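**Student:** Sequence:
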Amino acid sequence: MPGTPPPIDPRGPRFNQAVLTAALVAGFLADARWVVPVWAGVLFLGAAFGPRYGPFLRLYADVVRPRLRPPADLEDPRPPRFAAAVGVAFLVAAAVAFAAGAVGLGWALALVVAALAALAAVTGICVGCEIYLWLVLGRRKATGAAARVPAHIVDGAERTWVVFTTPYCASCGPVAERLRAGDPGARVVTVDATEDPDLADAFAVRRAPTVLLADAAGEVQARLVGPAAVEGYVKAGRSTAAR
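For the sequence shown, my numbering assigns the number 212 to the initial residue and increments by one for each residue that follows.
Simulated from the structure, these hints should not be mistaken for laboratory data. For clarity, every value in this text was computed on a predicted model and none was experimentally measured. Idealized CB from N, CA, C, for every residue including glycine. Certain hints may be false.
[Unchecked claim] Label-pair distances were calculated between CB atoms; the ranges are:
| id | residue 1 | residue 2 | range |
| --- | --- | --- | --- |
| 1 | Pro361 | Ala319 | 40 to 50 Å |
| 2 | Gly367 | Ala237 | 55 to 65 Å |
| 3 | Val338 | Ala237 | 17 to 27 Å |
| 4 | Gly315 | Thr401 | 47 to 57 Å |
Please work from the sequences and hints to get the whole structure.
**Tutor:** In structure tokens form, the structure reads like this:
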């Protein structure tokens, strides 16, 4: 299996989605239909070749990001690239509709993209990303791929927290320490997703920190993404309830 690509700052895709939303809405209000194929091309560059080639993704990386604090977490670039590819398909269909004289259909397709991009930009909920994960997990389920934490990680412990990290994750260390303090009877293991991409892929890890709680058999009892989810889980006392 090919290695997992380097993680990215999730704020980059959200910046791209915010600009996309503004451009499509402005285009709709002005009936500037040329905006749709132009943005199909913009999204295609980022989806096909990566963030370095997406104009607004590059603008974020070179101009905006240096002025911000480091991100609290990072994510796998493949789900947002898949989401961008879906957006390309919709915008190409919209451009074809315009060419065929179906202006209403064209703008309807374009505004679907704008609405989903706005949702992702404002809330971080990326529908295309979730579809990607569903497809990946569904394929593994269909092929019978195991979804258990390996025995050498669990090592016979009744409860094991597996914290997927990356070399760039500023919050991963504190998350592991919070779990040790909040659930002292459990085993806590950190796994660098860039060094063990097969294991990260097996659990569709797309953002660090992603945390799994496994039982003695390696069965996953909980999956948490991000420091806030871990803090909420520990404060709710769910980790001790799993004993």
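**Student:** A range of 47 to 57 Å was offered for this pair. Does it hold for the Cβ distance of Gly315 and Thr401?
**Tutor:** Hint holds: Cβ distance 53 Å, inside 47 to 57 Å.
**Student:** Given the range 55 to 65 Å, decide if the beta-carbon distance of Gly367 to Ala237 lies inside it.
**Tutor:** 60 Å, holds
**Student:** Using the Cβ atoms, figure out if Pro361 sits within 40 to 50 Å of Ala319.
**Tutor:** 48 Å, holds
**Student:** Evaluate the given range 17 to 27 Å for the C-beta pair formed by Val338 and Ala237.
**Tutor:** 22 Å, holds
Checked against the numbered hints given earlier, the structure satisfies every one of them.
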